[in-house]
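**Q** Chains as they are written, first to last, in this note's numbering: chain A, 1 to 179; chain B, 1001 to 1498.
What the hints contain is simulated information worked out from the structure, not anything from laboratory work. Bear in mind the structure is a predicted one, so any value in this text is a computation, not a measurement. A portion of the hints provided could be inaccurate.
[Claimed, not checked] Among chain B residues calculated to face chain A with C-beta under 7 Å, some are:
#1 Ala1037
#2 Trp1041
#3 Val1056
#4 Ala1060
#5 Asp1125
#6 His1128
#7 Ala1409
#8 Arg1410
Beta carbons: idealized from backbone N, C-alpha and C, even for Gly.
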Amino acid sequence: MLVMTAAAVLIVSVGTGPAVAQEQIVPVADLLTAPARYDGAVITIEGELVGDYGYRASGMVWTQLNDDSYARDPLVDGGALTGANAGVGLRIPEVQMAGLSAPGGYRIRGPIVRATGQWRFHDPSRQGETYLDVSSVQVIELGKQLEEGPNGAAAITGVILVLAGGAMMMRRRYLRARA
Amino acid sequence: MLIRPIGSDFRTIGFYLGRVFLVVAASGLFPLAWSIAGREWGPFSSFLLMIGVFVVLGAAMALAGRDEQRLDWGHGMVVVAVTWLAVPLIGSIPFMLSGHFASPLDAYFDAMSGLSTTGLSLVQDLDHLAPSLNFWRHLLHFLGGQGIVIAVLVLVAGGGAMTLYYGEGRDDHILPSVRSTARFIWVVAVAHLVFGVLALGAVAYFVLGFGWIRSLFHGLMIFFAGFDTGGFAPQSTSVGYYHSAVFEFIVSILMVAGAMSFAVHFALWRGPRRSLIRNLEARTIIGTFIFTMTLVLFGLAAMNAFGDIAGLSRQGFFQVLSAHTGTGFATVPPTEMVRWSGLAFAGMAIAMGLGGMASSTAGGIKSMRVGLTATSMRHEIQSILLPHGAIVDRSYFQFRNKQLTPALARSVLTMSLLYITLYIAGAVIALAYGVPLQQALFESVSAGANVGLSVGVTDPSMPILLEITYIIQMWLGRLEFIAAFALIGFLYSMVRGK
Chain A
1 MLVMTAAAVL IVSVGTGPAV AQEQIVPVAD LLTAPARYDG AVITIEGELV
51 GDYGYRASGM VWTQLNDDSY ARDPLVDGGA LTGANAGVGL RIPEVQMAGL
101 SAPGGYRIRG PIVRATGQWR FHDPSRQGET YLDVSSVQVI ELGKQLEEGP
151 NGAAAITGVI LVLAGGAMMM RRRYLRARA
Chain B
1001 MLIRPIGSDF RTIGFYLGRV FLVVAASGLF PLAWSIAGRE WGPFSSFLLM
1051 IGVFVVLGAA MALAGRDEQR LDWGHGMVVV AVTWLAVPLI GSIPFMLSGH
1101 FASPLDAYFD AMSGLSTTGL SLVQDLDHLA PSLNFWRHLL HFLGGQGIVI
1151 AVLVLVAGGG AMTLYYGEGR DDHILPSVRS TARFIWVVAV AHLVFGVLAL
1201 GAVAYFVLGF GWIRSLFHGL MIFFAGFDTG GFAPQSTSVG YYHSAVFEFI
1251 VSILMVAGAM SFAVHFALWR GPRRSLIRNL EARTIIGTFI FTMTLVLFGL
1301 AAMNAFGDIA GLSRQGFFQV LSAHTGTGFA TVPPTEMVRW SGLAFAGMAI
1351 AMGLGGMASS TAGGIKSMRV GLTATSMRHE IQSILLPHGA IVDRSYFQFR
1401 NKQLTPALAR SVLTMSLLYI TLYIAGAVIA LAYGVPLQQA LFESVSAGAN
1451 VGLSVGVTDP SMPILLEITY IIQMWLGRLE FIAAFALIGF LYSMVRGK
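Let the sequences and hints guide you as you build the complete structure.
**A** And the structure:
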């Protein structure tokens, strides 16, 4: 009986979008594979802010949140290749942006945040766009600068090859001039 | 009797191939400069190596080659076919060394996808990729879309220009000489570059609220991928990243401009503009766009994919335009597009398979061939219905009245069938790996028609044979088979010739 009740509760919570608990952290992969399931629900997602902060005249900021493995272990920092990025768009009120470091990109691991808001799937007010309409942002970890040094062997080989190619072209020009 | 190629054949081919390599090496200076400006020393090293390989190979071939012999048709085709295999190979060096690809084959896949203006990608963690590497990915679109060989014609034109020009799947005779035509194509590209980057950059800065450097960066990347109907994007969520109808509108203009033949560009610039609407090709592409758009809209409406007409129209229009122009931008993720079934799937697949105009940067069967095939069918039906001996008017209008001869009809039909065979072959191989039919067809058409939209089959974990299949499809689709067949014939004659 207890098992059946638990199963019924599970079915209800999975089957109806708005019933999704507010503080439940939803993986972005779930949002991408079953976006309609969460439509209209207040959800929380956690991950790295990447790309740009687009400050619009409306007082809203658009950005992207990724919760793939690179958010925690960037490739430049020795992280493993685990596939493509997994991200969703966020619309955040400008007042919520205080204290956020630069978004992630090359040599920048963006801030890891926990964003709570209403999931809008094919939002009619934005002609079918899908995004999280964020009401609160909590910074879990500030962003950080990463380092990537030169590849000395590649650079030296490249220079030698360019010089060799240049010498060959000069030789050709010389031979043509002599002919 | 097959004639075995001799040393002079190889030296002639090598000489022109060397010139192409030197031009590509010169174009590699742009991302190199970018990496210096951005202090991106990892990518800087890899660009230096790539340029070095291009230079040394180009110089060696030029030194060993010979330019006294005029490039004939067969040699020219072999040069083009090998160019489109070798340039991605060397051009993938920065990708291989970036650490963003699981294998050299994945890096080659992306370089081929970039050069063939396809847009399918196996890059991992794109959102942290160095800007100079992102620039190189998009510059490959530009080089491929405008035609590397055309760049060679403009910069170092020599004998055999016509052959190289045709080899890249172009047949526009806009101006009296191929070289002046090539120059016009680059003028059109540069004019659009200025307009496109400024327009996209302005929207990114004033509407989207990006910083001005990032606005120009996004503008440049999206311009390259949009105008050259490529489909790469600087962020992992493609054009959906921007969340802006205005931005999508400008991207749409660039996609349409990229899918137009340069003869149409020429007519728009210098006239006669009024005859454009009478052109068989223009009428065909407008007709097929409306047809596929209708299919997709009805399909999406039947699925109740979007709650209202505004969302349905904006999202449906953009995806169909992207598919029909062979661009491959998307505002919905692959995980969503994979669920587009029935008419929506059919509309997208047909739009991708048909492609843009002839001699444009778009791939696919091309509107001219679709229009001529339909016209030929109409003529055949007319000749059956009309009394015996009645004369059927076999003309069509394309800037002027032309005759649709049986030889032309045969050639057009053959080419169309080759594309359909290419699409089916790719789908069959994906099916063999257990990919569902709809997804197998979608991805195969996308690769063969150089579109770049994906429903998730193209993935770093995909089987190697399927990956190689898509690489071959991208290569064949971009070269429109002829140059590839010439290369196969050349290789065969090396073995079996006398």
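**Q** State for each hint whether it applies.
**A** Against the structure, the hints:
The interface hint given for B:Ala1037 is broken, as the beta carbon of that residue sits about 13 Å from the closest beta carbon of chain A, more than 7 Å. With a cut of 7 Å, the hint placing B:Trp1041 at the interface with chain A holds, because the nearest CB-to-CB distance is about 4 Å. Nearest Cβ of chain A to the Cβ of B:Val1056: about 4 Å, under the 7 Å cut. The hint holds. For B:Ala1060, the suggested interface contact is upheld, since its CB lies about 6 Å from the closest CB of chain A, less than 7 Å.
Given hint, B:Asp1125 at the interface with chain A, holds; its Cβ is 4 Å from that chain's nearest Cβ, closer than 7 Å. Given hint, B:His1128 at the interface with chain A, holds; its Cβ is 6 Å from that chain's nearest Cβ, closer than 7 Å. Residue-level restraint check for B:Ala1409 is violated (minimum Cβ-Cβ distance to chain A is 42 Å; threshold 7 Å). At a threshold of 7 Å, the smallest CB-CB gap from B:Arg1410 to chain A is about 44 Å, leaving the interface hint violated.
In terms of the numbered hints stated before, the structure departs from hints 1, 7, 8, listed from lowest to highest.
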